[in-house]
Amino acid sequence: MTFKRSNNPGEDIKRGLEMPQKRRQLIAESPADIPVAVYGVNRLAASLHPGTLKAKITDKQPVGVDCWKITLKSLREDGSFPFFRAGQFVTLSSEVHDSFISRPYSIASSPKQARDGRLEIIVQKKGVFSSWLIDEARSGSIITVSEPSGDFCHDDIRDRGHVLAVAGGSGVTPFISMMKAIREGSEDFRLTLVYGVRTREHLLIDPADYQDERISIVPVLSDQQAEGYYNGFINADILSQFIEQDSSVFMCGPDAMYDFVTHELNKLGVTRIRRERNCVTDRRVDREEIYRLTVHIRDEVYALTARNDETVITALERAGIPAVVRCRSGVCGFCHSRLISGEYYLKPEDDFRRQADRKFGYIHPCCCYPLSDMEIEIPIFDL
Amino acid sequence: MNKYDVIVIGAGNGGLAAAVRVLMAGKSCLVCEKHNIPGGFVTSFVRGRFEFEASLHEFNGIGTPEQPGSTRQLFEQLGVADKIEWIQLKDAYHLISRKEGYDYVMPFGYEEFAKANNRIHPEGEKYIRDFFALCQQIRDAMEYLSVSKGKPDPQVMMEKYPDYLACSPYSVNEAFEALGYPKEIVDNLNSYWCYLGSDGNNLSFLHYANMIYSYYSKGAAIPKHRSHELSLAFEQRIHELGGDIWFNSEVTEILTDDSGHVCAVRLRDGRVIESRHVIADISPHVVYGRLMKPEAVPEKARRLTNYRKLAGRGFTVFLGLNKSAEELGIKDHNYFIYDTCDSVAQYEAMKKFGNTAAQATVCLNNADPQCSPPGTAILYMTTLFTDDVWSQVSDEEYFKMKNKVAKAMIERFEQATGTSIHDHIEEIAIATPQTYARYCGHPQGTIYGYESQYYDGLMNRIQMVEEDRCVDGLRIGGGFGERLLGYPSSYKSGYNEASRTLRDMEKEGC
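These protein sequence lines are chains A and B, in that order. Under this note's numbering, think of the first position of the first sequence as 7, with each following residue one higher. Under this note's numbering, think of the first position of the second sequence as 1482, with each following residue one higher.
For the record, the hints were derived by calculation from the structure and aren't laboratory data. Treat the hints loosely; a few may be bogus.
25 angstroms max Cα-Cα, derived DMTMM-like pairs, lysine to aspartate or glutamate [what the hints assert, rightly or not]:
id: 1; chain 1: B; residue 1: Lys-1804; chain 2: A; residue 2: Glu-250
id: 2; chain 1: B; residue 1: Lys-1774; chain 2: A; residue 2: Asp-39
id: 3; chain 1: B; residue 1: Lys-1484; chain 2: A; residue 2: Glu-383
id: 4; chain 1: B; residue 1: Lys-1881; chain 2: A; residue 2: Asp-194
id: 5; chain 1: B; residue 1: Lys-1508; chain 2: A; residue 2: Glu-306
id: 6; chain 1: A; residue 1: Lys-28; chain 2: B; residue 2: Glu-1947
id: 7; chain 1: A; residue 1: Lys-365; chain 2: B; residue 2: Glu-1566
id: 8; chain 1: A; residue 1: Lys-28; chain 2: B; residue 2: Glu-1655
id: 9; chain 1: A; residue 1: Lys-365; chain 2: B; residue 2: Asp-1634
id: 10; chain 1: B; residue 1: Lys-1888; chain 2: A; residue 2: Asp-252
id: 11; chain 1: B; residue 1: Lys-1564; chain 2: A; residue 2: Glu-17
id: 12; chain 1: B; residue 1: Lys-1833; chain 2: B; residue 2: Glu-1780
id: 13; chain 1: B; residue 1: Lys-1888; chain 2: A; residue 2: Glu-190
id: 14; chain 1: A; residue 1: Lys-10; chain 2: B; residue 2: Glu-1665
id: 15; chain 1: B; residue 1: Lys-1508; chain 2: A; residue 2: Glu-383
id: 16; chain 1: B; residue 1: Lys-1885; chain 2: A; residue 2: Asp-165
id: 17; chain 1: B; residue 1: Lys-1804; chain 2: A; residue 2: Asp-165
id: 18; chain 1: A; residue 1: Lys-20; chain 2: B; residue 2: Glu-1947
id: 19; chain 1: A; residue 1: Lys-353; chain 2: A; residue 2: Glu-306
id: 20; chain 1: A; residue 1: Lys-10; chain 2: B; residue 2: Glu-1640
id: 21; chain 1: B; residue 1: Lys-1888; chain 2: A; residue 2: Asp-165
id: 22; chain 1: A; residue 1: Lys-20; chain 2: B; residue 2: Glu-1948
id: 23; chain 1: B; residue 1: Lys-1885; chain 2: A; residue 2: Asp-252
id: 24; chain 1: A; residue 1: Lys-10; chain 2: B; residue 2: Asp-1611
id: 25; chain 1: A; residue 1: Lys-20; chain 2: B; residue 2: Glu-1878
id: 26; chain 1: A; residue 1: Lys-20; chain 2: B; residue 2: Asp-1644
id: 27; chain 1: B; residue 1: Lys-1564; chain 2: A; residue 2: Glu-190
id: 28; chain 1: A; residue 1: Lys-60; chain 2: B; residue 2: Asp-1876
id: 29; chain 1: B; residue 1: Lys-1630; chain 2: A; residue 2: Glu-306
id: 30; chain 1: B; residue 1: Lys-1888; chain 2: A; residue 2: Asp-265
id: 31; chain 1: B; residue 1: Lys-1881; chain 2: A; residue 2: Glu-306
id: 32; chain 1: B; residue 1: Lys-1641; chain 2: A; residue 2: Glu-17
One-sided and incomplete, this derived list gives chain A residues near chain B with beta-carbon spacing under 10 angstroms [claimed, not checked]:
id: 33; residue: Glu-24
id: 34; residue: Gln-31
id: 35; residue: Ile-33
id: 36; residue: Lys-131
id: 37; residue: Phe-135
id: 38; residue: Asp-218
id: 39; residue: Val-307
id: 40; residue: Tyr-308
From the three backbone atoms N, C-alpha and C, an ideal C-beta is built for every residue, glycine too.
Bound conformation, chain B alone (with noise of 0.2 angstroms):
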């Protein structure tokens, strides 16, 4: 077929629940991927004895089928929810950081998080519950704001939800000072920033808040099969709804009208194929520098991507172990091991080569106990860099640079934890910023998209997003969309671009 109602570029998350709300619709729908499999980042790969997830450390907004989660809700309606098994994550996190000398763990739940924290600060369950009911206040605002789709009743936003206006302007390091807060419970809620790479003087508050408050209150979950698991469901939900995709297609062009409508996309082979809307999972800065002609991207385009900053290039070292957890001494899921817990010195120490300022590090067997063979283990250690150290890496220097850079991971983890695994590793596998770069195309490898800055951060985006639209028939959706990076976001993202394109189309009468 060459003309779909909707051309999807990119398999990622964004890409796939947007085709397959635009196939609930009942309109016609290619998603064009340009690797052999669907997930973009949401995927897994195996080397030797061991299945190592690519990117997923904690899925927050799954919840339970009784309790479920915003995200599970989205995936019921999308009709994948049935397709995918969860395991439910016990802990938060086992926190280490060196320069206040911080370690310990901290569980998932409302209550049981709240009185974990009297074990920090004399008084911790009290600020915490004085923080819940802040973030409380902040969801019920934003559901207000959802609901009203744009248009809130002001009276409304500031008889309700007062303290959401009032510290809606805000970064995370403001809100917490106005706060005032003790510093360890402070320290404590700032675990989660490496989830969303920007720091606490940049990082909305409310975008933060809302986050963390979804992890300790609902918990999290992994998939049973890794996070491929997910993307596979999708992809079956497509076929069954009569949708196509195309793997090993890259879209290389977006074509336009005289109208400056889109009209149809170019793939790498020269295949063109006809649709009036497009809805693009890959960032901006790919869209309009590379996918259009000049004359087609609008100025508001340029200026409005020029103004975006790219987030943290993303570094993971994925090690098979020939011995088991219990056996290596690795007690918890999840790792975060930090030299300090001040984001924004962290944020720059990772602009270089040679720090260990930040690592998430996964044991998957201890949420999963059957995910390696009996008597070994998986781990996968995570950090960013907030720069383009990678990018001056030459061809000859590379495998080198990988393997330095990892080894340092690794020495910091054995230390923070006290355990000895160098001896033990089977397989080990490294993705660097170039390999981010190979598998999604993303500038510079960037895995968080966007960076939330200060006056472009979750509030100010989902705002103005009719204001950032620039090409007629084209919808960005994704990691680099409105609601910012994560599992969670690109799916809502990917699914709300969908639902737009639908208005658009209904509004051009087709």
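Just chain A, same shape as in the assembly (with noise of 0.2 angstroms):
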């Protein structure tokens, strides 16, 4: 074959010989300011993903039985968090004592109050960082919160337009923005909330105040009769009367609700049900093994002990080294590790790493426990 765009001989060839010169000339007449560093989809994404920000309790209230709301403001000037997706959670972070502890919240603001300066999130009293947020944070501290991660959240396109929502104690939390969210024009979705407490004196809100022909919340009560209230668990029974023809169902509280609700969804035919992960914790073994933790973080070596019982994340923050995490539950990827040496547990069902992760040996060390002694790499906690 050959090439011929132009009919002169030569042409094409001379075109091409002089295409550097070309771009040249067209470079020199290019402006010689500094090249744009700001830009629009930039901002947005920094708006929305800045990473951490330093935050200040501003308000302490009891709730409900032994659950504290706790209000936060940022400490940028306009006290703003990022707007978020309603059902979404902060981890916040602070040093307690000589640890170094991370926990994640649902928050229960809705994304206008959090845009808008008010960041409220219902803490349980139960665990060392829950406690001290509760007694010994004061007005005025200063801590570590995350940008809102997670994907606990109505999507109008893999979700219906009816969610059934089921909660057990705080874990009501995520539902109680999803609700304000609703009111507010950020959401559009109907929600019926079951919500499981032990008495009406557990319950962390009151259905009053949130009045609205989208919203409805069904109370039950599990240690109490009371007028107005269903008794005992969330069965099938319950469940019949709210689910509709095409629910989306949500579910987020403790894991003995998790096992006994979604039997009682299966009898209802109803199979696909999103739950919001729990922490993974410390788990009881046979006999406590200390073991040998080497961890490298950029430049630098830290020698410190872990136990055979609890996470390799939780003897890093025992440790006091910052450390980072953030949803505690092996889904989000944000500790991932490189395991240099050394045997870990890992329960199946917390195994959320990436294929290539299991094959080149890294690991997520919110889930994982020592088995026996390990040296790892871990990221910087970029405060």
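Got two chains here, separate frames each, mind docking them using the hints?
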């Protein structure tokens, strides 16, 4: 074949040889200003995902039984937090005595409230960090708050127009945010909340505060008979009254509730259920062992001890090492770390690693328990 | 350690390949990455039961161990080839174009593809063989240019590669017009345009022809464990060679000395690491616009950067479906779904919201049936925005806009393929230009670096690579580099910039 575009012999080749000169000329004619470094898309990306923020505790109020509502304001000039999707969580981090601890909490405020400088979480007093937040942290205390994360959110492509929300105890928190979001217009779906608690005193919300034709709240009291309330556990009988032909089912609460309610839902033929995962916590072991844990962060090396009944992340936190962690349940991958040597235990249902992570030996320390001395490299906590 | 021979900014393909090259030459090297994993776009993520591929559709240049393609050869040279398992793809694509009424599957393979063109034009095979002969000459010429290290013998070029020289100045549309092939054949050959994202009036014919020749004749592959496998293979290699990678460690400044030579980088937490040589696998817009003090940015760098045009901003919908591909009637791995095969019209329509001009959609299970649990399927659909409509979106509108665009793409896929998937979506994730900007920092969320423009295409960039260098001790490679976007290009670009850095070091006597 012969390639020819111009009828003048040699013209095509000549044109090709002149290309660099033409490019040179176009560059010389371009502006000599410093290239623009701020872009609309990048601005919004940074606004929604700032990484971490410093925030101040502005209020603590007891709610229900053994729970507190904690209100935060960011240290930005306008106190704002990123706009988010109702149902997401933030991870709070702080030095607590000799440790550096992080815990995820579902957001109870609405996306617009957060944007306007009011981030609420509900804390149940049960662990070291919760107790510290409730008993020791003061109004005015400064802590680190992650950007909102997680996808326990209604999605109008994936989910139906009606959501049957099943909550147990403080597991109602993401649904509080959703109900507020529906009322303020940042979400658009109908929600029926079947809300299990022990007694009326344990309720963390007053249904009267959420009156809206798109929202209904059905409290179910396990340990109390009261007029106008269902009594017992959240069973198929109760659920069948509120599930619609085409509902999406969301569930947030303790694992024991998940097992029970899933079984009840299965009786009704419902198998598609979105569950918010709970944190991976200490495990029971037959014999306690203590192992050496060697940790590399950039060019620094730390030597610490780790118990076989605690996750690797807990060992890091106890030692006061600022460790990057967000969901504490294996799914988000923020704590992605390189295993250099050693053995660990990981429940198969907590293993959300990528295939290649398994192949090349990477772990999520938030859900791994040491089974031998271990050496790992973790990413630096970018405060 | 506070001092390295070379610092690499960004652990994308270019950065990873550069680091391995530098380390293999016995130099010390630190890679600084702002994210917590390597790879940039070359990664994957897990949602529920599904692991989604973040960016790769079809990787060309791999070939087989017996007949390795150029990228496999590069991987062998860098010592990562043995770490990666590949799955060969059978078909090139299923093209569905509304305006022209096309709906056909094209196979990979020199002979297979040539013959398949008889189905779309009585003399299709003849035209394809003619086209492949031209492509082979282009390929041979590029090989010769590469071995002659920028000093080719003009006599040899004129005698052996006259067609290469003659088509070198032209765009895809100009060249196809000159070749005079029937419209059906040209439309088919234009199918891959969205992998480069520049319309046929701007895209360099040499570049495009070389790429599609590689696809059609040599086929393509995907790594068994998503592209994250590639990035971890490189990370492991870097550790084997004694190199360091620091994650969550964004470089916020490149420091230069009084003579204007690079001398160090500063990280976000303020730490300064010394090095006389930096290879940046990030955009020159970020390097010269933000990472260097204005007075340290030479005029040439400003003009050159302002001359460049940002390429397509990415948008991808990832779907985990609760039925198998077979049950859903999704038969093929790779779909190109276009409103028209006219790339100029498509490019224009992609400037705005509300279009369905083009989508490249992959059903991963049709390449790797084990990629998701039995009875499920993974589908991901990608399009580009060729202008900055996303920069106008507010925080409050953002989530709704994401779903609006995604919904239109899903509907378009269903309509084009006659399938129904919307009731079977178990997991959904959507990556917008904001998502790409967030993870990789690229201006406006471009996923294709600088667009191939008429005078800023592959050949001109390669020819002028030394001329484009602006700061002593600083080399810029990867997707914004001289070989433009794409997996093979960004690895090769990083490798090349590392080789040049090693030559710079030699000249400086270190």
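Comparing the hints with the structure gives:
1. B/Lys-1804 / A/Glu-250: Cα-Cα ~23 angstroms, so holds.
2. B/Lys-1774 / A/Asp-39: holds (13 angstroms)
3. B/Lys-1484 / A/Glu-383: holds (20 angstroms)
4. B/Lys-1881 / A/Asp-194: holds (10 angstroms)
5. B/Lys-1508 / A/Glu-306: holds (21 angstroms)
6. A/Lys-28 / B/Glu-1947: holds (17 angstroms)
7. A/Lys-365 / B/Glu-1566: holds (11 angstroms)
8. A/Lys-28 / B/Glu-1655: holds (18 angstroms)
9. A/Lys-365 / B/Asp-1634: Distance of about 48 angstroms is beyond 25 angstroms: violated.
10. B/Lys-1888 / A/Asp-252: The given pair, whose Cα atoms are some 19 angstroms apart, holds under the 25 angstroms limit.
11. B/Lys-1564 / A/Glu-17: violated (49 angstroms)
12. B/Lys-1833 / B/Glu-1780: Outside the cut-off at roughly 34 angstroms; violated.
13. B/Lys-1888 / A/Glu-190: holds (24 angstroms)
14. A/Lys-10 / B/Glu-1665: Answer holds: A/Lys-10 to B/Glu-1665 is near 21 angstroms, not above 25 angstroms.
15. B/Lys-1508 / A/Glu-383: Given pair B/Lys-1508, A/Glu-383 holds - Cα atoms ~22 angstroms apart, limit 25 angstroms.
16. B/Lys-1885 / A/Asp-165: holds (14 angstroms)
17. B/Lys-1804 / A/Asp-165: Within the cut-off at roughly 16 angstroms; holds.
18. A/Lys-20 / B/Glu-1947: holds (23 angstroms)
19. A/Lys-353 / A/Glu-306: This hinted pair is violated, its Cα atoms lying about 30 angstroms apart.
20. A/Lys-10 / B/Glu-1640: holds (15 angstroms)
21. B/Lys-1888 / A/Asp-165: holds (13 angstroms)
22. A/Lys-20 / B/Glu-1948: Roughly 21 angstroms between the alpha carbons, so the hint for A/Lys-20 and B/Glu-1948 holds.
23. B/Lys-1885 / A/Asp-252: Satisfied, since the Cα-Cα distance of roughly 22 angstroms is no more than 25 angstroms.
24. A/Lys-10 / B/Asp-1611: holds (14 angstroms)
25. A/Lys-20 / B/Glu-1878: violated (52 angstroms)
26. A/Lys-20 / B/Asp-1644: With a Cα-Cα distance of about 13 angstroms, the restraint between A/Lys-20 and B/Asp-1644 holds, given a limit of 25 angstroms.
27. B/Lys-1564 / A/Glu-190: violated (52 angstroms)
28. A/Lys-60 / B/Asp-1876: holds (20 angstroms)
29. B/Lys-1630 / A/Glu-306: Given pair B/Lys-1630, A/Glu-306 is violated - Cα atoms ~43 angstroms apart, limit 25 angstroms.
30. B/Lys-1888 / A/Asp-265: Violated, because 34 angstroms separates the two Cα atoms, which is more than 25 angstroms.
31. B/Lys-1881 / A/Glu-306: Since the Cα atoms of B/Lys-1881 and A/Glu-306 sit roughly 44 angstroms apart, the hinted pair is violated (cutoff 25 angstroms).
32. B/Lys-1641 / A/Glu-17: Distance of about 18 angstroms is within 25 angstroms: holds.
33. Glu-24: Interface hint status for A/Glu-24: holds (8 angstroms vs cutoff 10 angstroms).
34. Gln-31: holds (9 angstroms)
35. Ile-33: holds (5 angstroms)
36. Lys-131: Result: violated, 31 angstroms to nearest chain B Cβ.
37. Phe-135: violated (22 angstroms)
38. Asp-218: violated (20 angstroms)
39. Val-307: violated (13 angstroms)
40. Tyr-308: violated (16 angstroms)
Consistency with the previously given hints fails for numbers 9, 11, 12, 19, 25, 27, 29, 30, 31, 36, 37, 38, 39 and 40, ordered from lowest to highest.
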